[in-house]
Amino acid sequence: MPWCDTYAMTQHLAEISRHVADDAHAILIMDQAGWHMSNNLVVPTNITILPLPPKSPELNPVENLWLFMRENWLSNRIFKSYDDIVAHCCDA
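Taking full-length UniProt numbering, the leading residue of the sequence shown gets 1, the next gets one more, and so forth.
Be aware that a few hints might be false.
Here are the in silico distance ranges between beta carbons for each label pair [what the hints assert, rightly or not]:
1) 44 / 76: 33 to 43 Å
2) 78 / 46: 17 to 27 Å
3) 21 / 91: 28 to 38 Å
4) 18 / 40: 32 to 42 Å
5) 21 / 71: 37 to 47 Å
Source of the hints: derived by calculation from the structure; they are not laboratory data. Cβ coordinates follow ideal geometry from the N, Cα and C atoms, glycine included.
Please construct the entire structure, taking both the sequences and the accompanying hints into account.
In structure tokens, the structure reads:
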């Protein structure tokens with residue numbers, strides 16, 4: 001899915017839910033992107049979303065990875081396709 005929206009997030013949560021053990025509960029720590037916190041988001045009963053405070057990238061280590069990738073792998077390039085972008089991300 002090339003879009004970050006509520007539908008895609010709902011599908012992602014459903015996939016995670018399928019892999020959570022029957023006697024377990026998953027807690028996902030997320031930033032407050034609109035598609036993470038939408039009232040229309042369907043969150044399975046075996047998942048809890050724990051939102052990070054707004055404007056706190058220091059609490060979200062993946063932000064450092066995204067910054068590195070933008071600065072070193074993804075900036076100032078013209079990509080031929082979505083698959084080309086994914087390939088560059090995987091190569092990083």
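Results of checking the hints against the structure:
no., hint, in the structure
1, 44 / 76: 33 to 43 Å, "holds (40 Å)"
2, 78 / 46: 17 to 27 Å, "violated (42 Å)"
3, 21 / 91: 28 to 38 Å, "holds (33 Å)"
4, 18 / 40: 32 to 42 Å, "violated (21 Å)"
5, 21 / 71: 37 to 47 Å, "holds (38 Å)"
Of the hints listed earlier, those the structure fails to meet are numbers 2 and 4, in rising order.
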